[in-house]
Amino acid sequence: MRKKILLLIVCALFSVGSFEAAEKPFEALTEEEALVTSFRSTGADVLESTISCWTKLNDKFLDIEQIEAEMNRIVRRIEPDKVTVVKNDESDSGLNKIVVSCFKGNRTYSIAIESIKQEGIGETYAVIDVSIDRSYQELIAERRNIIDAMQRPEGSMNFSSCIIGTYKGRLDEKVADKKSRMALQSINAREVEGMENEELKSISAFSSSVGGHVVSDEAKVNVQLAMRYSSYDDRTYIWIGTPLIPMGY
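Numbering of the sequence shown is given in this note's numbering, commencing with residue 2 and proceeding in unit increments.
Hints in this document: simulated from the structure, not taken from any laboratory.
FRET-style restraints, in silico, Cβ to Cβ:
#1 Glu66 - Pro154: 25 to 33 Å
#2 Gly170 - Lys221: 34 to 42 Å
#3 Arg191 - Arg171: 25 to 33 Å
#4 Thr85 - Arg145: 18 to 26 Å
#5 Ala29 - Met183: 14 to 22 Å
#6 Gly170 - Lys118: 50 to 58 Å
Note that the structure is predicted; figures quoted are calculated from it, not measured. Cβ atoms here follow ideal geometry from the backbone N, Cα and C, with glycine treated the same way.
Could you build the full structure based on these sequences and the hints that come with them?
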């Protein structure tokens, strides 16, 4: 009898532990943390990572001198290699725009400030695109760098990020399926829609653990994955982006 009671207690303890583990929520991740976690699980060699941000600066139509002053403030906060700054500007009656390209270590920055005027109403926007060569760990810190450079509330800024990697040769279909499944499972994402043919595999997914989303055919999407084989260099490419892959693949 005593052994039976002891067995029931042990079973009850295991049941409670299992229930608590099942109910424990998946750790919340920023978009960039999710990408880093997902990409790491694939075992691919990193080729490039990117992060982009756009935000509205104000409701004014700025002249070129005002845009240049704002651009100088942003570039100064990024602290690029000074000798590699390249600037282009354009101006007409309803559009003033400056684009600056600069470099810092393995990072390439493209910064654009555009001010437009339509029917007497002005608006000014800023866009920063960052490309990180053969690395992805800096994505998380680079988001903070952009926020600091823009000096805007994070909630007013729109981000998209992507990591591009490669595998040698053409992946077997089962191996490719396993890689993509692991990438989604690592961030608690479920497939929303997908497309696959002999050349391309593409999956749109949603993870409640990742911030932000877009709506596609009335479904929430905040992670996108694609894989394609290239016979040109005999490599299989993988893209993982949030909320979508912001480039052609």
